[in-house]
Amino acid sequence: MIGLNGSLSIATEALGAQTAALEVASNNIANAITPGYSRQVVSLSSAALVQNGTTIDEGVSYQGFTSVRDTVLGMAINGATSEQGSLSAQSALLTQINSAFSGTTTGIGASLSTLFSDLSALSTNPSDPSARQTVLNDAKALADAFHQGAAAISAASSAANQQVSSAVAEVNELSQQIAALNGEIATTDANGGDGGALTDQRDELTTQMAQLIGISSTKTDGTPMLTTSNGSPLVIGDSSYQLQVTTALDGTAHVLDGQGNDITNLLSGGTIGGAITARDSTVPALSQQLDALASQFGTAMNNAQTTGYDLDSNPGTAMFAIPATGSAAAGIEVALTSGSQIAASSDGSTGSSGNIKALLSVQSTDLASGATPTDSYASLVGNIGFAGSQVNSSLAANTASLQQLTSQQQSESAVSIDEETANLIRYQQAYSASARVISTINDIYTTLMNMSLGGS
Amino acid sequence: MRVDPNLSGLLNAGIQGTEQALNTAVQQLASGQRVSLPSDDPDAAAANLQSLAESANVDRYTKNGDATLSQAQMADSALSNVVNELNQAIALGTQGADGSMTSENRATIATQVQSVLSEVVSQANTALNGVSLFAGTSGAVPAFVPDSTSSTGYSYQGDSGVNTVAVGDNLQLNVNVPGDQVFTNPNGNVLGSLSELVSALGSGTTADIGNAVTAVRGALTNIGQQRVLYAGVVNQINAQESYLSQETISLTSQQQSLTGVDMSVAISDLTQAQIAHSTILAAAAKVLPTSLLDYLK
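Protein chains in written order, with numbering that gives the first Met the number 0: chain A, 0 to 455; chain B, 0 to 296.
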């Protein structure tokens, strides 16, 4: 049997619990728009005591608060975020290349057409010096177009290198912050506290890191571990492992793990993984195709030149100088110095246009690649387009799924102002009721006092 | 089950989506192009480049045709002048072959035929843009020069080369006839027969003059045959050019359908994007401001 004192202490206890609940609600409202914040719920239970086989109700017991979060969903979001980081990086780099090859009235394709058109025009008046000069200028314009194409592709590679370097610096900073948070969380956990807000901060930083590099997060014997997709440690407990960037002989940025192992080719996901994929697999294939076109086309034109004679009846010489090593597209130059060196004549007579046929036939003859120069260029542009559109559509799909995952996570963890407002009202009412209990007991005591004093 | 309380996130994503659609629709309408980057439609972008190259070829075939046409017409008109001159020489020769002619009269006629010969040579030396039309591929200017050692008084500077010009993927036209084939052809030697007529009128018998006139007639026949080539070139170019202009139209429409915008589709896309956009904005305006707090006054 509980007396008035028991009721009073239950009500006082209740006031405390309800204050705690109000505090949780107010904290939730305060963090309603804080990124990464998971809503907290107060843990209350009815306190009871069993004495001599009888249950004695002891009011409410406040057991702290817990953050509502789904770790599995969090990992899925990190995975999708990594994917997004990778695809975004690739998309940006490929869009850059796509813009450079989007010209229909400029660029390699148009320059090829102009060269052949003016060569063809030369056939109607093969000894005209200005028509010859025009062809020579066209050849130079074509070489320039090749240079620009090669430059656009290599610019994408250097942009990728910069992305790798700056993203690694960010990853290192994040891993330090995460390690520091891990230390604090371990301390609060040890003291029986809820890591709550700190865990939210760590999860938020982890997601930021996932945007930069593919990660996997595990827990071994209670120690949280964050590693790259290939298993190189980034954070173990409260210590962080710094990645390094070195520049290889070919000028590309390589990533080394904390032990100094080159893990460039093992990384996937995130800005770093995307930049490396674009730089090391997508872009080289395109650049090889461009170089092959420059070198095979140049060789074909040079061969056609040698079957004819120039305006001074000398045997034709190479039209293009093609570098023996390195990028043919970046290094191709016009070797002829004067329009008179164009080998239009097939027999050495100055008015002959017989060899122009041979030069023009380069346009319609398959190169070593198995296609004509125009078709080879069209296929290169097609491949550039495919690479871009593939990444773009994957990115669109990934964005949709990330959105869905985020919304799912939000439905678990986000603060709902309406919900908190409703809770506030409930807590307030409960608090008022508890306070009323106290004042009622106070009234009873007063009545009792008055009764004992005046009721003799 | 709890739902995502943050409608703003969903609405923002939706608004971005409809804005993107609006943007794309406006951009396509403004540029008239459906494909602005190869990644918009790689197949179409590649096919468009091939079609553009084909268009460039058609353009150059047309230009070559124009250039060749003016050359052929000029050569043909030179030869037509030669025909007139030869007819005049035949008339003069026939007149000179008349037995009643005195040697003075014949000498006068001989002078006239001599001037016909010079006129024919000047036609044979016709040049366009500094290039002799009847010097083969030698580039020699002029094609015929006076030469006292030659029986005709002129010698040919050119060669027997023939140039061809492409006016179609598989259509190469021979665009010139070498001067020796036209003017000093053994089967109808223009210059030879005219100088033969001059000397027959100067010192020959009536029969010699008659023979010379017959030789000039033979030369006339030869010129007629050579003119056929130029007439053929002119006809072929005219036919080819009307084919090429058809080709240009079909290539242009091909490019339009590959990368261009179908206006009716683009406009209906724009309308749809507009409707979607205003719908989501209206939804946002309705949903976002509502809060339980509004009702707790």
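Note that these hints are calculated values from the structure, not bench results. Cβ atoms here follow ideal geometry from the backbone N, Cα and C, with glycine treated the same way. Fair warning: there could be bad hints in the mix.
[Claimed, not checked] Derived Cβ-Cβ restraints for the label pairs, each shown as a range:
id : chain 1 : residue 1 : chain 2 : residue 2 : range
1  : B       : Val-2     : A       : Ala-395   : 38 to 48 Å
2  : A       : Pro-34    : B       : Val-2     : 11 to 21 Å
3  : A       : Ile-32    : B       : Thr-251   : 52 to 62 Å
4  : B       : Val-2     : A       : Gln-95    : 32 to 42 Å
Each hint, compared with the structure:
1. Checked against the hint of 38 to 48 Å, the pair Val-2/B and Ala-395/A fails, with Cβ atoms roughly 25 Å apart.
2. Judged by the Cβ atoms, the range 11 to 21 Å given for Pro-34/A and Val-2/B holds: they are separated by roughly 20 Å.
3. Taking the beta carbon of each, Ile-32/A and Thr-251/B are about 56 Å apart, inside 52 to 62 Å as hinted.
4. Roughly 41 Å separates the CB atoms of Val-2/B and Gln-95/A, a value that falls within the hinted 32 to 42 Å.
Hint compliance for this structure: hint 1 is the single one not met.
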